[in-house]
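Engineer: In case you want the letters, here they are:
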Amino acid sequence: MFLLNCWYVAAWSHEVQGTDLLSRKLLGEQVVLFRKESGGVAALVDRCSHRFAPLSMGRREGDCLRCMYHGLVFDGQGECVEEPGRKRPSSGIAVKSFPVVERYKQIWIWMGDPALSDPSLVPDCHWQDDPNWRSIPAYIHYKADYRLILDNLLDFSHLSFVHENTLGGSVSIAETKPKIEVTDSAVKITRWYKSEPELAPYLRGVTDLEGPIDRWNIYELFVPGNVFNMDSGSAPAGTGAPEGNRVAEALQFHAVQIITPEDERNAHFFWAYAHNFNLESSNLTERLAARIQEGFEEDRNFIEAQQKVVDESGDDPMAYIFVDAGLTHGRRLLASLLAREKNINVDA
Amino acid sequence: MFLLNCWYVAAWSHEVQGTDLLSRKLLGEQVVLFRKESGGVAALVDRCSHRFAPLSMGRREGDCLRCMYHGLVFDGQGECVEEPGRKRPSSGIAVKSFPVVERYKQIWIWMGDPALSDPSLVPDCHWQDDPNWRSIPAYIHYKADYRLILDNLLDFSHLSFVHENTLGGSVSIAETKPKIEVTDSAVKITRWYKSEPELAPYLRGVTDLEGPIDRWNIYELFVPGNVFNMDSGSAPAGTGAPEGNRVAEALQFHAVQIITPEDERNAHFFWAYAHNFNLESSNLTERLAARIQEGFEEDRNFIEAQQKVVDESGDDPMAYIFVDAGLTHGRRLLASLLAREKNINVDA
Amino acid sequence: MFLLNCWYVAAWSHEVQGTDLLSRKLLGEQVVLFRKESGGVAALVDRCSHRFAPLSMGRREGDCLRCMYHGLVFDGQGECVEEPGRKRPSSGIAVKSFPVVERYKQIWIWMGDPALSDPSLVPDCHWQDDPNWRSIPAYIHYKADYRLILDNLLDFSHLSFVHENTLGGSVSIAETKPKIEVTDSAVKITRWYKSEPELAPYLRGVTDLEGPIDRWNIYELFVPGNVFNMDSGSAPAGTGAPEGNRVAEALQFHAVQIITPEDERNAHFFWAYAHNFNLESSNLTERLAARIQEGFEEDRNFIEAQQKVVDESGDDPMAYIFVDAGLTHGRRLLASLLAREKNINVDA
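Residue numbers (the working numbering), protein chains in the order written: chain A, 18 to 365; chain B, 18 to 365; chain C, 18 to 365.
Hints in this document: simulated from the structure, not taken from any laboratory. Please note that a few of the clues may not be correct.
Below, in silico cross-link-like pairs of lysine-lysine (PhoX-like), each with a Cα-Cα straight-line distance of 20 Å or less [unchecked claim]:
hint, chain 1, residue 1, chain 2, residue 2
1, C, Lys42, C, Lys205
2, A, Lys42, A, Lys205
3, A, Lys42, A, Lys113
4, C, Lys194, A, Lys194
5, A, Lys53, A, Lys113
6, A, Lys42, B, Lys42
7, C, Lys122, A, Lys325
8, B, Lys104, C, Lys122
9, C, Lys104, C, Lys122
10, C, Lys53, C, Lys160
11, B, Lys104, B, Lys122
12, B, Lys53, B, Lys104
13, B, Lys211, B, Lys196
14, A, Lys122, A, Lys104
15, B, Lys104, A, Lys113
16, B, Lys53, B, Lys160
17, A, Lys104, B, Lys53
18, A, Lys160, A, Lys53
19, A, Lys196, A, Lys211
20, B, Lys205, B, Lys42
21, B, Lys42, C, Lys122
22, C, Lys325, C, Lys104
23, C, Lys196, C, Lys211
24, A, Lys194, A, Lys211
25, A, Lys325, A, Lys160
26, A, Lys325, C, Lys42
27, B, Lys113, C, Lys53
Which chain A residues face chain B? A few, computed with CB under 7 Å, are given here [what the hints assert, rightly or not]:
hint, residue
28, Ser66
29, Ala70
30, Glu99
31, Arg103
32, Lys104
33, Arg105
34, Ser108
Covered stretches of chain B (in silico footprint by chain C; criterion: 3 or more residues with CB under 8 Å from a CB of chain C, positions within the stretch not fixed) [as the list claims (entries may be wrong)]:
hint, region
35, 55–67
36, 148–159
37, 299–307
Quick reminder that beta carbons are idealized off the backbone N, C-alpha and C, glycines included.
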């Protein structure tokens, strides 16, 4: 079950360039993305209406896409504009198209009712193309239910264990009780670990900053589209970071992590982990990205293994413990949004 | 659903030589083929009646086949002729055998009612072993429903697109309306493309012939056994080829393409593309076969991709367009033959 | 369907050493085995009670196992002894544990009712660690229903064919009618092949013994736990081996072969093939083991191929022949023990 009426990230902009065609399954539906000669991106169902050949085996021609099985040509709205051997194409052979918005170096797609696809609903992820921040666009494919990834993001106690040698490094993380706030579309979590003796392992040696530090993770998971925005960082202990004073020595980050379901058991994970210091150093950006990817691969290993166990577990219930407050709020919010969407659709 | 009471090609003769055993699934049934010491070919279900070991893991002994699990020996009719430790084999342990005919370098098998297996029903494919024609026996395995391959063969408009740089080369093919004739067991299609400026790409450089040319594809798909016989070629334009005058400079071909279902989602494709000119040049035969195989791989790529989409499409209907007349006739004829066979079997 | 209330071999002792964790599916259930710092072995369900992460991705700490997703720690009985962030772990979060006994270099596990897990029920397999015998602990994974392996062991007529060039070597084996005895938990089979001209192929060149020989296989399949113990050997013909006189020149072996179902279609096969002569020669032990493994791989090839055919055969019945008496007794005994266990469990 997926929320349909929201913007999902379909791809990074750089994945759809020139005349290349990108075929990707999104919410269980195979979609072909192409860039029109005139510049914009179009998204069609990746299935010719005629004999069901994949349009992604076709050829971009101008602002259109030709199926290379029997030669039908479709425009960016999915209308057939050419049928070989006929002056006008047969009627009733359009293919489904999807609204698309390109923003923050990403191609956002609306898989639900096109009439509701308001571009202003794309959530703010400007850190990905803001000149005051630097990051590298990255992608990880997950063989897992997207909801297991949301669970993971909503419970940072795992940093102490999964990421013991990378993103975590301190048992304090697991022992800290976070502040949790829930709105009608997001779960916001605030975690402070004060006077920690050391930086997280992935930051050691990256800058001159040394412990003790005040460290934080303040993030929001916006449930429609599974968009996770996080303010995180480390400041010299006692310099007032918790009160909002971010001194120059502080290492500040803004991470965007977006999960688009591929289907019920697979997901696309788009991420960019931006920093706003040492902006002149592309080497730093690359080193950070490599260390963070190492940490994210630790997540993937765990979550994909967890998925296999879940698949074998039928209806067995999971146990509830102390650290589950965040993910429980997230699951509830998702369920209520799904229920609401179902009612909306029934009314419409 | 397969037609059962007809001859299918099980293998090329050269695939069943010496004491080697060939195991191949045909119409959903695993069959073992072996050549008896006395020369003929036998076909048995590839499953020992005793403990279901594959007979293809056995050993040919004379005109028989020994199961190498517990040693039972079966003759070419599937009768058990030896049971270790007993003077006479137990009764009721025969395995099923299939009628086989060897003709045109191929082993033809009858999977339906053996009483109906009249060898005179093997369709004429003599071009494959006629000294006036040269070809190379070839095979392609398809991960696709055999009917998608028949569709492909019955609609040559795809030559303009799938085979743009190999077997096709001209949009005229897609734009030409073919002549279609339907008999009670075959669909016959005649396509002429007159005064084409160039040869098909796969023929360029092969001979001295240059455009303009009259080009043709005249073929019949014999539905029982999925046997496709095609007269094709290119002649200097205006030399009367359409009226039946094939001048010496004409390049004439006879292609035999036979599709045997492996199961509902896989197929065996046997082909030989014969030419009747420059017969002394084995190099020409090989060059032609290599180019044609390149074209046939283009088909396979498309059809296997199409199969995957079809598998995900449930009962969604395909759209009907101009070029579908041939394949629609083929599908209808197959359906009527299947229905007729079902009634025959019910009566019997 | 598996017998539950009996001891199965879960692993060789050497597979569970140090802090390594062994995850293995047994009777359809994924189990993690670990050796406590204090020496004993513990077996838990390989699934954290919290979010279903595999415990085998965790870390052994002392006599306990920490889940490395969110840090819960479980002891060898599956009780949670630590929950990060809480003084006492939440209640109701224990994981299932299994009784374990370590004996004969093997770790035996009881998957059924723990109250019935009497260590004295572990069948005698002392040849595996008796200083008067030498063997090498070995393991083969089978993609097959464990019952097909039992069938194979209960019908040695296959030695003449499957093992023609390794363990068998004589058609006499298939032609011999064995003595079969059935108890309430075992099938015992006695086979003598007297005055055979040659040793089995796998023994040729291994010692100075030459034919003619009296050769025997006397074995018992203990059905609870699928434990197969075999006395086998070859003695100079006429020296009284059948009457119990084992002369010094005789080559005597004791093979232990134990099959633990992984699930309905896969199995673990643990084996050790001990000899009691030339004990000083480790080279002999290794050469013998290599030859025997070659033979056992022949079995695996056949049985896995047989499994595939069985899977495609639905309810088709297998034919019964002369040699099937042993395996038929085995199947019947297993069925009656399964039925009895079902009744016991219903009563309990």
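Engineer: Does the alpha-carbon distance linking A/Lys42 and A/Lys205 stay inside the 20 Å limit?
Structural biologist: 29 Å, violated
Engineer: Does the closest beta carbon of chain B sit nearer than 7 Å to the beta carbon of A/Glu99?
Structural biologist: With a closest approach of 11 Å, the A/Glu99 hint is violated.
Engineer: What's the verdict on B/Lys104 and C/Lys122, does the C-alpha distance respect the 20 Å limit or exceed it?
Structural biologist: Given pair B/Lys104, C/Lys122 is violated - Cα atoms ~47 Å apart, limit 20 Å.
Engineer: Just to be careful, I want the Cα atoms of B/Lys104 and B/Lys122 compared with a cutoff of 20 Å; is the pair within it?
Structural biologist: 40 Å, violated
Engineer: Given the hint that B/Lys42 pairs with C/Lys122, does the C-alpha gap stay at or below 20 Å?
Structural biologist: 46 Å, violated
Engineer: Is the Cα-Cα distance between B/Lys104 and A/Lys113 20 Å or less?
Structural biologist: With Cα atoms ~71 Å apart, B/Lys104 and A/Lys113 exceed 20 Å; violated.
Engineer: Does the structure keep C/Lys53 and C/Lys160 at a Cα separation of 20 Å or less?
Structural biologist: The hint is violated at about 31 Å.
Engineer: Checking one constraint from the list: CA of B/Lys211 to CA of B/Lys196, max 20 Å. Satisfied?
Structural biologist: Status holds; Cα separation ~15 Å.
Engineer: Holds or violated: A/Lys53 with A/Lys113, Cα cutoff 20 Å?
Structural biologist: 17 Å, holds
Engineer: Would the hint on A/Arg105 stand, with a C-beta cut-off of 7 Å toward chain B?
Structural biologist: With a closest approach of 11 Å, the A/Arg105 hint is violated.
Engineer: Can we keep the A/Lys104 interface hint, with Cβ of chain B closer than 7 Å?
Structural biologist: 11 Å, violated
Engineer: CA of C/Lys122 to CA of A/Lys325, is that 20 Å or under?
Structural biologist: 32 Å, violated
Of the numbered hints listed earlier, those contradicted by the structure are 1, 2, 4, 6, 7, 8, 9, 10, 11, 12, 14, 15, 16, 17, 18, 20, 21, 22, 27, 30, 32, 33, 34, 36, 37.
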